[in-house]
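First to last, the protein sequences are chains A and B. Under the working numbering, the first residue of the first sequence is numbered 8, with each subsequent residue one higher. Under the working numbering, the first residue of the second sequence is numbered 13, with each subsequent residue one higher.
Bear in mind the hints are in silico, worked out from the structure with no lab data behind them. The structure presented is a predicted model; accordingly, all values stated were derived computationally and were not measured. None of the hints are false.
Here's a subset of chain B near chain A, in silico, CB distances under 7 Å, partners left out: (1) 112; (2) 116; (3) 117; (4) 119; (5) 133; (6) 136; (7) 137; (8) 155; (9) 177; (10) 179; (11) 184.
Idealized CB from N, CA, C, for every residue including glycine.
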Amino acid sequence: MASQNNSLGYMVIEGEGGQLRGIALITDARGIPVDFRYTDLIRPKKLERILYGDSWNTYFKEEIILESILEAVEAPSLWICNDSEILSPLRTLSKVKTVLLDESPHVPLDAAGTIENTADPGVFLIQADRNGAPLMAEFPEGTRTDEIQQTASLLTKNAETMSLLEPFGRIQRLMSALASGAE
Amino acid sequence: MFTSAREFLARKLTGHVQVHTLDEAFITELVPVHTVRRSVETHTVRPEFTVSVRTIELGAKRKCRVNGFKLKDKTVRTNGFRPKRYTKHDVKVHGLPKRRKINVWSGLKKIQSLPVELENKLKFLKDKPAVSKNEVILAYYSPIVDSAVIKLALDKRRGTLLVWYNPGSRQYKARSVFLIRRLGLGEKPEWRWV
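Using the sequences and the accompanying hints, generate a full structural model.
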């Protein structure tokens with residue numbers, strides 16, 4: 008049974024029309040929110056466009072949004088993101104285990120907790136939930152094998168009490184509601 | 013000074029002087045010797061400044077400040093070189109802008125009011141429960157911490173189950189629920205927990 012210490016953090020950076028916004032949701036092992044932070048939509052100033060050129064997107068994501076949000080929230084046991092651009096910076100800045108999770112079209116693996124290599128280095132299939140397709144899990148470059156196994160173990164434990172990818176949908180629903188002015 | 017009457021007489025009468033060996037303890041005693049030399053460390057009192065500016069206007073007398081601190085004109089270098097001519101006006105050197113501050117808002121109460129949305133996992137279920145002939149399994153939702161649930165609602169359009177949890181609950185034991193339809197007139201779907 009999962010315990011309340013197995014908190015998961017969901018980090019999303021979304022943007023439209025040259026604007027970016029950072030969102031972080033921390034849930035307990037049941038998916039119940041324990042913290043939720045989001046930033047304003049920000050766009051680069053003229054000086055920042057000159058200084059950072061084409062890399063302003065990376066600069067905004069890493070040095071402004073991620074750092075600001077990480078300062079505001081308490082670190083979870085594991086950060087989960089859905090954007091490969093922030094995977095490594097999130098790991099470096101938070102100093103917490105980090106993984107990129109996505110759905111996979113694969114058939115279920117043998118048993119819950121099974122890890123399977125894929126053709127891509129650093130990308131694995133993890134059968135966290137015994138009743139579902141395995142998750143595609145990408146780890147930051149240089150992640151140790153024991154850390155991958157610990158992450159898979161944590162995900163498998165939490166999958167007993169929550170749906171691991173569901174919080175991303177909840178974040179999107181709330182942000183859409185906020186954008187349209189509804190509360 | 014003579015140490016004894018015997019030595020005095022020996023010197024007076026025979027001219028002999030008694031010779032003693034040095035005390036062993038005295039020989040081995042080390043006498044510390046201190047040198048008066050001192051090592052001197054040299055530190056510069058004028059730290060080096062490197063000032064980079066895009067352009068320098070040509071002119072005469074100059075003053076240069078960084079964060080209010082005056083620099084001597086001789087210390088100023090542009091791209092590593094000392095400028096030969098300066099602007100008439102004071103030159104202010106601005107640093108790069110610090111990291112931009114952005115507002116981080118808390119929206120915990122807002123997101124706590126949203127339900128957890130669970131998809132129908134019937135297609136992944138390996139071991140389906142036995143049901144009677146006039147029953148059909150419509151959906152399977154898992155995991156649900158049923159003792160922490162405030163409200164459940166079925167989204168018929170999307171086929172998902174919406175679960176509102178009590179954030180203050182300490183229960184962590186999860187279960188699953190089947191939605192079963194009984195065939196026949198007037199029969200209603202039934203929730204069956206496992």
